[in-house]
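If you read the sequence shown in the UniProt record's numbering, its first letter stands for residue 1, the second for the next number, and so on.
No lab work stands behind these hints, which were simulated from the structure alone. Heads up, a few of these hints could be off.
Each pair of labels, with its calculated beta carbon distance range [stated by the list, open to error]:
#1 R79 <-> I58: 44 to 50 Å
#2 F370 <-> H347: 21 to 27 Å
#3 S209 <-> S106: 43 to 49 Å
#4 V133 <-> A375: 33 to 39 Å
#5 M103 <-> T364: 30 to 36 Å
Here are the simulated DSBU-like cross-link-like pairs (lysine-lysine), alpha carbons at most 35 Å apart as the crow flies [to be verified]:
#6 K310 <-> K211
#7 K342 <-> K328
#8 K197 <-> K211
None of the values given here were measured: they were computed from a predicted structure. Glycine included, every Cβ here is placed at the ideal spot set by N, Cα and C.
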Amino acid sequence: MTEETEETRKPIDTAEHKSAASAEPASAEPVPGDTNGDGVVDIDDKRLPLVTRIYGIILLVQGLLTIPMIVIAFTYAIRALIVGDAALDKAGLTTIISWTSAMLSSVTTVVLMVFGGLLSFNRRKHAARWTYVLIPMTIAEGLFVVMLDGIGLNLLAPIVQIVILITLSVTVDPALREERRLKTALWHMDNRTAYEKALAKGMPGRDLSGKGYISLDFFNIFWLFVVGCVFGLVIETIYHLAMYGEWQDRAGLLWGPFSPIYGFGAVLLTVLLNRLWRANWLLIFCSSAVIGGTFEYLTSWFMEVAFSIKAWDYTGQWLSIDGRTSGKFMFFWGILGLAWIKLILPHLLALIQRIPWRVRYSLTLVCLVFMVVDATMTLMAIDAWYSRLAGIAQDSPVDNFFATHYNDDFMANRFQTMNIDPSRAGRM
1 MTEETEETRK PIDTAEHKSA ASAEPASAEP VPGDTNGDGV VDIDDKRLPL VTRIYGIILL
61 VQGLLTIPMI VIAFTYAIRA LIVGDAALDK AGLTTIISWT SAMLSSVTTV VLMVFGGLLS
121 FNRRKHAARW TYVLIPMTIA EGLFVVMLDG IGLNLLAPIV QIVILITLSV TVDPALREER
181 RLKTALWHMD NRTAYEKALA KGMPGRDLSG KGYISLDFFN IFWLFVVGCV FGLVIETIYH
241 LAMYGEWQDR AGLLWGPFSP IYGFGAVLLT VLLNRLWRAN WLLIFCSSAV IGGTFEYLTS
301 WFMEVAFSIK AWDYTGQWLS IDGRTSGKFM FFWGILGLAW IKLILPHLLA LIQRIPWRVR
361 YSLTLVCLVF MVVDATMTLM AIDAWYSRLA GIAQDSPVDN FFATHYNDDF MANRFQTMNI
421 DPSRAGRM
(Lines of atoms letter the chains of each structure in order from A and count residues from 1; the text may use other names and numbers.)
(Lines give C-alpha, C1' and ligand atoms only; values in the text may rest on other atoms or scores of the structure.)
Protein backbone atom coordinates (compact mmCIF):
# COMPACT_ATOMS: atom_id res chain seq x y z
CA MET A 1 0.00 0.00 0.00
CA THR A 2 2.76 2.37 0.96
CA GLU A 3 4.90 1.46 -2.02
CA GLU A 4 2.01 2.00 -4.40
CA THR A 5 1.35 5.38 -2.88
CA GLU A 6 4.97 6.43 -3.23
CA GLU A 7 5.10 5.17 -6.79
CA THR A 8 1.91 6.94 -7.69
CA ARG A 9 3.28 10.14 -6.14
CA LYS A 10 6.44 10.10 -8.23
CA PRO A 11 4.76 10.88 -11.56
CA ILE A 12 2.75 13.64 -9.89
CA ASP A 13 5.86 15.15 -8.33
CA THR A 14 7.67 14.87 -11.61
CA ALA A 15 4.82 16.60 -13.42
CA GLU A 16 4.76 19.38 -10.82
CA HIS A 17 8.51 19.90 -11.18
CA LYS A 18 8.19 19.98 -14.94
CA SER A 19 5.39 22.54 -14.85
CA ALA A 20 7.33 24.66 -12.33
CA ALA A 21 10.47 24.38 -14.42
CA SER A 22 8.60 25.39 -17.53
CA ALA A 23 6.95 28.32 -15.70
CA GLU A 24 10.18 29.79 -14.33
CA PRO A 25 11.77 30.68 -17.66
CA ALA A 26 8.46 32.20 -18.87
CA SER A 27 8.24 34.58 -15.88
CA ALA A 28 11.88 35.52 -16.16
CA GLU A 29 11.68 36.17 -19.88
CA PRO A 30 12.47 39.89 -20.52
CA VAL A 31 9.83 42.15 -22.06
CA PRO A 32 10.98 43.59 -25.40
CA GLY A 33 11.85 47.27 -24.94
CA ASP A 34 12.00 47.08 -21.13
CA THR A 35 15.51 48.43 -20.66
CA ASN A 36 15.22 49.25 -16.96
CA GLY A 37 13.84 45.86 -15.91
CA ASP A 38 10.64 47.05 -14.24
CA GLY A 39 8.45 44.80 -16.38
CA VAL A 40 6.74 47.71 -18.13
CA VAL A 41 7.65 49.45 -21.37
CA ASP A 42 7.20 53.19 -20.84
CA ILE A 43 8.97 56.53 -21.15
CA ASP A 44 11.38 55.56 -18.35
CA ASP A 45 12.95 52.98 -20.68
CA LYS A 46 14.22 55.77 -22.92
CA ARG A 47 17.50 57.12 -21.57
CA LEU A 48 17.76 60.82 -20.83
CA PRO A 49 20.58 62.70 -22.58
CA LEU A 50 23.90 62.61 -20.75
CA VAL A 51 23.87 66.37 -20.15
CA THR A 52 20.46 66.09 -18.43
CA ARG A 53 21.68 63.30 -16.15
CA ILE A 54 24.80 65.34 -15.31
CA TYR A 55 22.53 68.27 -14.42
CA GLY A 56 20.57 65.94 -12.15
CA ILE A 57 23.75 64.75 -10.43
CA ILE A 58 24.82 68.37 -9.86
CA LEU A 59 21.45 69.16 -8.24
CA LEU A 60 21.66 66.04 -6.10
CA VAL A 61 25.18 66.79 -4.87
CA GLN A 62 24.33 70.45 -4.32
CA GLY A 63 21.37 69.48 -2.16
CA LEU A 64 23.37 66.97 -0.12
CA LEU A 65 26.01 69.63 0.60
CA THR A 66 23.60 72.51 1.23
CA ILE A 67 20.94 70.91 3.43
CA PRO A 68 23.28 70.34 6.44
CA MET A 69 24.32 74.01 6.28
CA ILE A 70 20.67 75.09 6.17
CA VAL A 71 19.88 72.96 9.22
CA ILE A 72 22.85 74.43 11.11
CA ALA A 73 21.88 78.01 10.16
CA PHE A 74 18.27 77.57 11.29
CA THR A 75 19.43 75.88 14.51
CA TYR A 76 21.70 78.82 15.37
CA ALA A 77 18.94 81.32 14.50
CA ILE A 78 16.38 79.58 16.72
CA ARG A 79 18.93 79.27 19.54
CA ALA A 80 19.73 82.99 19.26
CA LEU A 81 16.04 83.84 19.58
CA ILE A 82 15.60 81.56 22.58
CA VAL A 83 18.59 82.86 24.57
CA GLY A 84 17.88 86.47 23.63
CA ASP A 85 20.89 87.15 21.41
CA ALA A 86 18.47 88.15 18.63
CA ALA A 87 15.03 89.74 18.70
CA LEU A 88 12.13 90.26 16.32
CA ASP A 89 10.69 93.29 18.06
CA LYS A 90 11.28 95.37 14.93
CA ALA A 91 10.42 92.93 12.20
CA GLY A 92 10.10 95.33 9.28
CA LEU A 93 9.25 94.55 5.70
CA THR A 94 12.87 93.71 4.82
CA THR A 95 13.19 91.26 7.73
CA ILE A 96 9.92 89.54 6.88
CA ILE A 97 10.87 89.23 3.22
CA SER A 98 14.36 87.96 4.11
CA TRP A 99 13.03 85.22 6.38
CA THR A 100 10.35 84.21 3.88
CA SER A 101 12.95 84.12 1.11
CA ALA A 102 15.27 81.97 3.24
CA MET A 103 12.51 79.46 4.00
CA LEU A 104 11.46 79.29 0.34
CA SER A 105 15.08 78.76 -0.76
CA SER A 106 15.46 75.95 1.78
CA VAL A 107 12.35 74.16 0.54
CA THR A 108 13.40 74.70 -3.08
CA THR A 109 16.82 73.20 -2.35
CA VAL A 110 15.20 70.02 -0.99
CA VAL A 111 12.82 69.78 -3.96
CA LEU A 112 15.68 70.34 -6.41
CA MET A 113 17.65 67.56 -4.74
CA VAL A 114 14.71 65.16 -5.19
CA PHE A 115 14.34 66.36 -8.78
CA GLY A 116 18.05 65.79 -9.40
CA GLY A 117 17.78 62.26 -8.06
CA LEU A 118 14.89 61.50 -10.42
CA LEU A 119 16.89 62.80 -13.40
CA SER A 120 19.99 60.86 -12.34
CA PHE A 121 18.06 57.59 -12.14
CA ASN A 122 16.11 58.28 -15.36
CA ARG A 123 12.69 58.52 -13.68
CA ARG A 124 11.27 60.63 -16.49
CA LYS A 125 7.57 60.43 -15.57
CA HIS A 126 8.05 61.64 -12.00
CA ALA A 127 10.69 64.21 -12.98
CA ALA A 128 8.28 65.82 -15.47
CA ARG A 129 5.67 66.31 -12.74
CA TRP A 130 8.21 67.90 -10.41
CA THR A 131 9.02 70.56 -13.01
CA TYR A 132 5.50 71.96 -12.57
CA VAL A 133 6.23 72.35 -8.85
CA LEU A 134 9.67 73.89 -9.32
CA ILE A 135 8.76 76.49 -11.97
CA PRO A 136 6.49 78.62 -9.72
CA MET A 137 8.90 78.17 -6.80
CA THR A 138 11.79 79.47 -8.93
CA ILE A 139 9.70 82.42 -10.12
CA ALA A 140 8.91 83.25 -6.49
CA GLU A 141 12.61 83.07 -5.64
CA GLY A 142 13.35 85.52 -8.45
CA LEU A 143 10.73 87.94 -7.13
CA PHE A 144 12.30 87.81 -3.67
CA VAL A 145 15.71 88.52 -5.23
CA VAL A 146 14.27 91.63 -6.90
CA MET A 147 12.66 92.80 -3.65
CA LEU A 148 15.83 92.35 -1.61
CA ASP A 149 18.63 93.16 -4.07
CA GLY A 150 17.02 94.90 -7.03
CA ILE A 151 17.48 93.96 -10.69
CA GLY A 152 20.93 92.88 -11.79
CA LEU A 153 23.16 89.88 -12.44
CA ASN A 154 21.74 88.29 -9.31
CA LEU A 155 18.68 87.34 -11.43
CA LEU A 156 20.79 85.28 -13.83
CA ALA A 157 20.61 82.07 -11.77
CA PRO A 158 16.79 81.93 -11.40
CA ILE A 159 16.30 82.92 -15.06
CA VAL A 160 18.61 80.14 -16.28
CA GLN A 161 16.93 77.65 -13.97
CA ILE A 162 13.45 78.60 -15.24
CA VAL A 163 14.59 78.14 -18.85
CA ILE A 164 16.01 74.69 -17.99
CA LEU A 165 12.85 73.65 -16.11
CA ILE A 166 10.52 74.78 -18.90
CA THR A 167 12.63 72.88 -21.44
CA LEU A 168 12.62 69.74 -19.30
CA SER A 169 8.87 69.98 -18.67
CA VAL A 170 8.33 69.63 -22.42
CA THR A 171 11.06 67.13 -23.32
CA VAL A 172 11.33 64.78 -20.33
CA ASP A 173 7.85 63.27 -20.70
CA PRO A 174 5.86 64.59 -23.71
CA ALA A 175 2.99 62.21 -22.88
CA LEU A 176 2.38 63.97 -19.56
CA ARG A 177 1.95 67.30 -21.35
CA GLU A 178 -0.60 65.80 -23.71
CA GLU A 179 -2.37 64.14 -20.78
CA ARG A 180 -2.70 67.51 -19.01
CA ARG A 181 -4.07 69.09 -22.18
CA LEU A 182 -6.63 66.30 -22.52
CA LYS A 183 -7.74 66.62 -18.89
CA THR A 184 -8.14 70.38 -19.29
CA ALA A 185 -10.20 69.89 -22.46
CA LEU A 186 -12.43 67.32 -20.73
CA TRP A 187 -12.87 69.66 -17.74
CA HIS A 188 -14.02 72.46 -20.05
CA MET A 189 -16.40 70.06 -21.82
CA ASP A 190 -17.93 68.95 -18.50
CA ASN A 191 -18.39 72.56 -17.42
CA ARG A 192 -19.95 73.44 -20.77
CA THR A 193 -22.34 70.49 -20.49
CA ALA A 194 -23.37 71.50 -16.96
CA TYR A 195 -23.86 75.10 -18.11
CA GLU A 196 -26.04 74.08 -21.07
CA LYS A 197 -28.06 71.77 -18.82
CA ALA A 198 -28.71 74.62 -16.37
CA LEU A 199 -29.45 76.99 -19.25
CA ALA A 200 -32.03 74.58 -20.66
CA LYS A 201 -33.78 74.61 -17.27
CA GLY A 202 -33.61 78.40 -17.11
CA MET A 203 -31.31 78.17 -14.07
CA PRO A 204 -27.78 79.18 -15.17
CA GLY A 205 -25.50 79.54 -12.16
CA ARG A 206 -28.12 78.05 -9.84
CA ASP A 207 -27.69 75.06 -7.54
CA LEU A 208 -29.48 72.37 -9.53
CA SER A 209 -29.72 70.11 -6.46
CA GLY A 210 -32.19 72.59 -4.97
CA LYS A 211 -30.43 72.68 -1.59
CA GLY A 212 -29.03 76.17 -2.11
CA TYR A 213 -29.84 79.07 -4.38
CA ILE A 214 -26.51 79.62 -6.12
CA SER A 215 -23.92 77.14 -7.37
CA LEU A 216 -20.84 77.76 -5.21
CA ASP A 217 -18.27 77.37 -7.98
CA PHE A 218 -15.18 79.54 -8.38
CA PHE A 219 -16.63 81.57 -11.26
CA ASN A 220 -19.68 82.67 -9.29
CA ILE A 221 -17.77 83.25 -6.03
CA PHE A 222 -15.08 85.38 -7.68
CA TRP A 223 -17.51 87.70 -9.44
CA LEU A 224 -19.64 88.00 -6.31
CA PHE A 225 -16.48 89.12 -4.52
CA VAL A 226 -15.66 91.72 -7.19
CA VAL A 227 -19.19 93.12 -7.31
CA GLY A 228 -19.33 93.12 -3.49
CA CYS A 229 -16.12 95.17 -3.37
CA VAL A 230 -17.55 97.81 -5.71
CA PHE A 231 -21.14 97.75 -4.43
CA GLY A 232 -20.04 98.01 -0.79
CA LEU A 233 -17.71 100.92 -1.54
CA VAL A 234 -20.51 102.82 -3.31
CA ILE A 235 -22.95 102.24 -0.43
CA GLU A 236 -20.41 103.27 2.23
CA THR A 237 -19.36 106.39 0.30
CA ILE A 238 -22.98 107.50 -0.15
CA TYR A 239 -23.72 106.80 3.53
CA HIS A 240 -20.74 108.87 4.69
CA LEU A 241 -21.66 111.71 2.31
CA ALA A 242 -25.26 111.74 3.57
CA MET A 243 -24.31 111.54 7.26
CA TYR A 244 -21.30 113.88 7.38
CA GLY A 245 -21.68 116.01 4.26
CA GLU A 246 -18.20 115.29 2.91
CA TRP A 247 -16.80 113.18 0.09
CA GLN A 248 -14.24 110.68 1.38
CA ASP A 249 -12.22 108.08 -0.52
CA ARG A 250 -13.07 104.86 1.32
CA ALA A 251 -11.31 102.42 -1.02
CA GLY A 252 -9.41 99.52 0.51
CA LEU A 253 -6.94 98.70 -2.29
CA LEU A 254 -4.24 100.73 -4.04
CA TRP A 255 -5.88 100.59 -7.45
CA GLY A 256 -9.52 100.61 -8.43
CA PRO A 257 -12.85 101.25 -6.68
CA PHE A 258 -12.63 98.22 -4.40
CA SER A 259 -13.34 97.73 -0.70
CA PRO A 260 -12.36 94.11 -0.03
CA ILE A 261 -14.10 93.93 3.35
CA TYR A 262 -17.44 94.13 1.50
CA GLY A 263 -16.25 91.64 -1.11
CA PHE A 264 -15.37 89.10 1.57
CA GLY A 265 -18.58 89.96 3.40
CA ALA A 266 -20.63 89.27 0.27
CA VAL A 267 -18.92 85.91 -0.25
CA LEU A 268 -19.31 85.01 3.43
CA LEU A 269 -23.02 85.86 3.46
CA THR A 270 -23.59 83.97 0.21
CA VAL A 271 -21.79 80.82 1.34
CA LEU A 272 -23.26 80.70 4.86
CA LEU A 273 -26.80 81.73 3.92
CA ASN A 274 -27.04 79.89 0.61
CA ARG A 275 -29.27 77.17 2.04
CA LEU A 276 -31.43 79.66 3.93
CA TRP A 277 -32.69 81.50 0.85
CA ARG A 278 -36.17 80.02 1.35
CA ALA A 279 -36.10 80.61 5.13
CA ASN A 280 -38.09 83.15 7.12
CA TRP A 281 -36.84 86.74 6.68
CA LEU A 282 -36.28 87.11 10.45
CA LEU A 283 -33.91 84.12 10.50
CA ILE A 284 -31.95 85.52 7.54
CA PHE A 285 -31.81 88.96 9.19
CA CYS A 286 -30.53 87.62 12.53
CA SER A 287 -28.02 85.30 10.86
CA SER A 288 -26.69 88.13 8.68
CA ALA A 289 -26.35 90.42 11.70
CA VAL A 290 -24.32 87.86 13.66
CA ILE A 291 -22.17 86.88 10.65
CA GLY A 292 -21.51 90.50 9.65
CA GLY A 293 -20.77 91.65 13.19
CA THR A 294 -18.36 88.76 13.81
CA PHE A 295 -16.61 89.35 10.51
CA GLU A 296 -16.32 93.10 11.18
CA TYR A 297 -14.88 92.48 14.65
CA LEU A 298 -12.27 89.97 13.46
CA THR A 299 -11.25 92.18 10.53
CA SER A 300 -10.77 95.19 12.81
CA TRP A 301 -8.75 93.10 15.27
CA PHE A 302 -6.46 91.71 12.55
CA MET A 303 -5.83 95.11 10.96
CA GLU A 304 -4.89 96.63 14.32
CA VAL A 305 -2.68 93.76 15.49
CA ALA A 306 -0.90 93.26 12.15
CA PHE A 307 -0.58 96.84 10.89
CA SER A 308 -1.74 99.02 13.83
CA ILE A 309 -4.54 100.31 11.58
CA LYS A 310 -7.81 101.54 13.05
CA ALA A 311 -10.24 102.07 10.18
CA TRP A 312 -13.35 102.44 12.37
CA ASP A 313 -14.14 102.93 16.04
CA TYR A 314 -17.66 102.40 17.40
CA THR A 315 -16.78 103.07 21.03
CA GLY A 316 -19.74 104.57 22.90
CA GLN A 317 -22.36 103.25 20.50
CA TRP A 318 -25.16 100.90 21.51
CA LEU A 319 -23.88 97.34 22.05
CA SER A 320 -20.34 98.37 21.12
CA ILE A 321 -17.88 95.47 21.40
CA ASP A 322 -14.38 96.89 21.93
CA GLY A 323 -15.29 99.58 19.40
CA ARG A 324 -14.88 97.02 16.62
CA THR A 325 -18.57 96.43 15.98
CA SER A 326 -21.84 97.59 17.50
CA GLY A 327 -25.55 96.89 17.59
CA LYS A 328 -26.18 99.66 15.08
CA PHE A 329 -23.85 98.21 12.46
CA MET A 330 -24.90 94.63 13.18
CA PHE A 331 -28.43 95.85 12.38
CA PHE A 332 -27.11 97.28 9.11
CA TRP A 333 -25.41 93.94 8.35
CA GLY A 334 -28.73 92.19 8.98
CA ILE A 335 -30.57 94.50 6.57
CA LEU A 336 -27.79 94.18 4.01
CA GLY A 337 -27.76 90.37 4.26
CA LEU A 338 -31.53 90.17 3.90
CA ALA A 339 -31.49 92.45 0.87
CA TRP A 340 -28.52 90.55 -0.56
CA ILE A 341 -30.14 87.11 -0.37
CA LYS A 342 -33.71 88.05 -1.24
CA LEU A 343 -33.30 90.91 -3.71
CA ILE A 344 -29.78 91.51 -4.99
CA LEU A 345 -28.38 88.00 -5.45
CA PRO A 346 -30.96 86.75 -8.01
CA HIS A 347 -30.44 89.78 -10.29
CA LEU A 348 -26.68 89.77 -9.75
CA LEU A 349 -26.42 86.08 -10.63
CA ALA A 350 -28.36 86.70 -13.84
CA LEU A 351 -25.96 89.54 -14.67
CA ILE A 352 -22.87 87.39 -14.02
CA GLN A 353 -24.23 84.61 -16.22
CA ARG A 354 -24.47 87.06 -19.13
CA ILE A 355 -20.67 86.93 -19.47
CA PRO A 356 -20.22 85.00 -22.76
CA TRP A 357 -19.02 81.44 -22.36
CA ARG A 358 -16.15 81.84 -24.82
CA VAL A 359 -14.52 84.60 -22.74
CA ARG A 360 -15.62 83.87 -19.17
CA TYR A 361 -12.54 81.84 -18.17
CA SER A 362 -9.98 84.12 -19.82
CA LEU A 363 -11.71 87.24 -18.46
CA THR A 364 -11.94 85.74 -14.97
CA LEU A 365 -8.27 84.75 -15.05
CA VAL A 366 -7.14 88.23 -16.10
CA CYS A 367 -9.27 89.90 -13.42
CA LEU A 368 -8.10 87.39 -10.80
CA VAL A 369 -4.45 88.14 -11.56
CA PHE A 370 -5.15 91.87 -11.31
CA MET A 371 -6.95 91.51 -7.96
CA VAL A 372 -4.17 89.31 -6.52
CA VAL A 373 -1.48 91.79 -7.62
CA ASP A 374 -3.56 94.71 -6.33
CA ALA A 375 -4.08 93.05 -2.93
CA THR A 376 -0.42 92.02 -2.64
CA MET A 377 0.84 95.49 -3.52
CA THR A 378 -1.63 97.01 -1.06
CA LEU A 379 -0.45 94.83 1.83
CA MET A 380 3.21 95.58 1.04
CA ALA A 381 2.53 99.32 0.72
CA ILE A 382 0.68 99.38 4.05
CA ASP A 383 3.48 97.42 5.72
CA ALA A 384 6.07 99.85 4.33
CA TRP A 385 3.92 102.76 5.54
CA TYR A 386 3.77 101.22 9.00
CA SER A 387 7.55 100.63 9.02
CA ARG A 388 8.26 104.25 8.12
CA LEU A 389 6.00 105.54 10.90
CA ALA A 390 7.53 103.06 13.36
CA GLY A 391 11.05 104.26 12.55
CA ILE A 392 12.19 100.93 11.13
CA ALA A 393 15.16 101.24 8.77
CA GLN A 394 14.23 101.21 5.07
CA ASP A 395 17.26 99.70 3.37
CA SER A 396 16.09 97.45 0.53
CA PRO A 397 15.04 98.16 -3.07
CA VAL A 398 11.42 97.29 -2.30
CA ASP A 399 11.40 99.74 0.63
CA ASN A 400 12.81 102.48 -1.60
CA PHE A 401 10.22 101.69 -4.27
CA PHE A 402 7.29 102.12 -1.89
CA ALA A 403 8.85 105.18 -0.24
CA THR A 404 9.15 106.81 -3.68
CA HIS A 405 5.87 105.82 -5.34
CA TYR A 406 3.60 105.27 -2.31
CA ASN A 407 4.90 107.66 0.32
CA ASP A 408 3.13 108.74 3.50
CA ASP A 409 1.17 111.55 1.81
CA PHE A 410 -0.07 109.26 -0.95
CA MET A 411 -1.13 106.54 1.51
CA ALA A 412 -2.90 108.99 3.82
CA ASN A 413 -4.82 110.44 0.86
CA ARG A 414 -5.68 107.06 -0.65
CA PHE A 415 -6.73 105.39 2.61
CA GLN A 416 -8.49 108.29 4.27
CA THR A 417 -10.31 106.11 6.79
CA MET A 418 -7.14 104.45 8.09
CA ASN A 419 -5.24 105.70 11.10
CA ILE A 420 -1.88 104.07 11.91
CA ASP A 421 -0.35 104.14 15.39
CA PRO A 422 2.63 101.72 15.64
CA SER A 423 2.20 101.48 19.42
CA ARG A 424 -1.07 99.56 18.89
CA ALA A 425 0.51 96.82 16.77
CA GLY A 426 0.92 93.35 18.22
CA ARG A 427 4.10 92.50 16.33
CA MET A 428 6.92 90.78 18.16
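Here is how each hint holds up against the structure:
1. The hinted window of 44 to 50 Å between R79 and I58 is violated, with their beta carbons roughly 32 Å apart.
2. Distance hint check for F370 and H347: the Cβ-Cβ separation is about 25 Å, which falls inside the suggested range of 21 to 27 Å.
3. Distance hint for S209 and S106: a CB-CB separation of about 45 Å, consistent with the stated range 43 to 49 Å.
4. Look at V133 against A375: about 24 Å separates their beta carbons, and that is not inside 33 to 39 Å.
5. Taking the beta carbon of each, M103 and T364 are about 31 Å apart, inside 30 to 36 Å as hinted.
6. Taken as a hint, the K310 and K211 pair is broken in the structure, with Cα atoms around 39 Å apart against an allowance of 35 Å.
7. Of the supplied pair hints, the one linking K342 and K328 holds, its CA atoms being roughly 21 Å apart against a limit of 35 Å.
8. A distance of roughly 17 Å separates the Cα atoms of K197 and K211; the hinted pair therefore holds under the 35 Å criterion.
Comparing the model with each numbered hint stated earlier shows that hints 1, 4 and 6 do not hold.
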